[in-house]
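Add chain B to chain A, keeping to what the hints say.
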Amino acid sequence: GDSVTQMEGPVTLSEEAFLTINCTYTATGYPSLFWYVQYPGEGLQLLLKATKADDKGSNKGFEATYRKETTSFHLEKGSVQVSDSAVYFCALSDRHLSGSRLTFGEGTQLTVNP
Amino acid sequence: GAVVSQHPSRVICKSGTSVKIECRSLDFQATTMFWYRQFPKQSLMLMATSNEGSKATYEQGVEKDKFLINHASLTLSTLTVTSAHPEDSSFYICSARDRGPKGWDTEAFFGQGTRLTVV
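First to last, the protein sequences are chains A and B.
By our numbering, the letter at position 53 of the first sequence is numbered 53, and the numbering carries on one by one without gaps.
By our numbering, the letter at position 58 of the second sequence is numbered 58, and the numbering carries on one by one without gaps.
Next up, chain A with everything else stripped away, as it sits in the complex (with noise of 0.2 Å):
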């Protein structure tokens, strides 16, 4: 079946410094790719996403591009800050399924410190 896998949280950053985190997945068919994050206490918000290989998402300086050849989705922003602190969750929508649900990643939890 369809999966996603992210790297493992948590994830504490210096203000300024340099994110990645690693999503990969495996699916049959040609997925389209998501990246939600969450803020404590509240629901998921769509980051950036990306519907076909080579395709880059970009969002609020966090960017990720869709890599076919190595079933990967890594999000990236070169300069984090402490508002940036929250849960990002890699997600894929698998066009062969019915229903058009999501696959989430574990999520990763990032924390940015001043």
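Think of the hints as simulated: they come from the structure by calculation, not from any bench.
Errors might be hidden in some of the hints.
[Stated by the list, open to error] Just a sample of chain A residues kept apart from chain B, beta carbon distances all over 12 Å, derived:
(1) G9
(2) E16
(3) E76
(4) V82
(5) D84
[To be verified] Cβ-Cβ distance ranges computed for the label pairs, FRET-style:
(6) A:D54 / B:K14: 52 to 62 Å
(7) B:S9 / A:T28: 32 to 42 Å
(8) A:A17 / B:G16: 43 to 53 Å
(9) A:G29 / B:L26: 31 to 41 Å
(10) A:A17 / B:S73: 23 to 33 Å
(11) A:G61 / B:K14: 42 to 52 Å
(12) A:K52 / B:L74: 27 to 37 Å
(13) B:A2 / A:G41: 16 to 26 Å
(14) A:G61 / B:S15: 40 to 50 Å
(15) B:T117 / A:T111: 18 to 28 Å
(16) B:I12 / A:T28: 35 to 45 Å
For each residue, glycine too, the CB sits at the ideal point set by N, CA and C.
The following block gives chain B in isolation, referenced to the frame of chain A:
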């Protein structure tokens, strides 16, 4: 962007009672809504997929009689936790996808979540 409103945000109930959680899509029609449960170490577990006008599809291991789902309109789905027990205490999150020609690559909008505590 589209908004999904989940209510209540927090609820405390006594063991043995039932609790209803509402999930509304405020500015779009959601033919499909999803209910998730989030455990303390943050992983999201899909409980069921709620389809407007038909019975919900439950994931393996989720008790249908305990977690009742109703999706009576294109903008409202409800999850009722029946005869709640302390082990049902958790963070429940709903999600809805906008109806589009290619459902697999549209954004899923999430509610704010409901923190249920059963005492």
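Against the structure, the hints come out as follows:
1. G9: With a cut-off of 12 Å, A:G9 comes too close to chain B, as the shortest Cβ separation is near 9 Å.
2. E16: holds (25 Å)
3. E76: holds (21 Å)
4. V82: holds (20 Å)
5. D84: holds (16 Å)
6. A:D54 / B:K14: 52 to 62 Å: holds (54 Å)
7. B:S9 / A:T28: 32 to 42 Å: Since the Cβ atoms of B:S9 and A:T28 sit about 37 Å apart, the hinted range of 32 to 42 Å holds.
8. A:A17 / B:G16: 43 to 53 Å: holds (50 Å)
9. A:G29 / B:L26: 31 to 41 Å: About 32 Å separates the Cβ atoms of A:G29 and B:L26, which means 31 to 41 Å holds.
10. A:A17 / B:S73: 23 to 33 Å: violated (47 Å)
11. A:G61 / B:K14: 42 to 52 Å: This hint holds: roughly 46 Å between Cβ atoms.
12. A:K52 / B:L74: 27 to 37 Å: holds (29 Å)
13. B:A2 / A:G41: 16 to 26 Å: holds (21 Å)
14. A:G61 / B:S15: 40 to 50 Å: holds (46 Å)
15. B:T117 / A:T111: 18 to 28 Å: holds (25 Å)
16. B:I12 / A:T28: 35 to 45 Å: holds (43 Å)
Going down the numbered hints, you'll see the structure goes against 1, 10, while the others check out.
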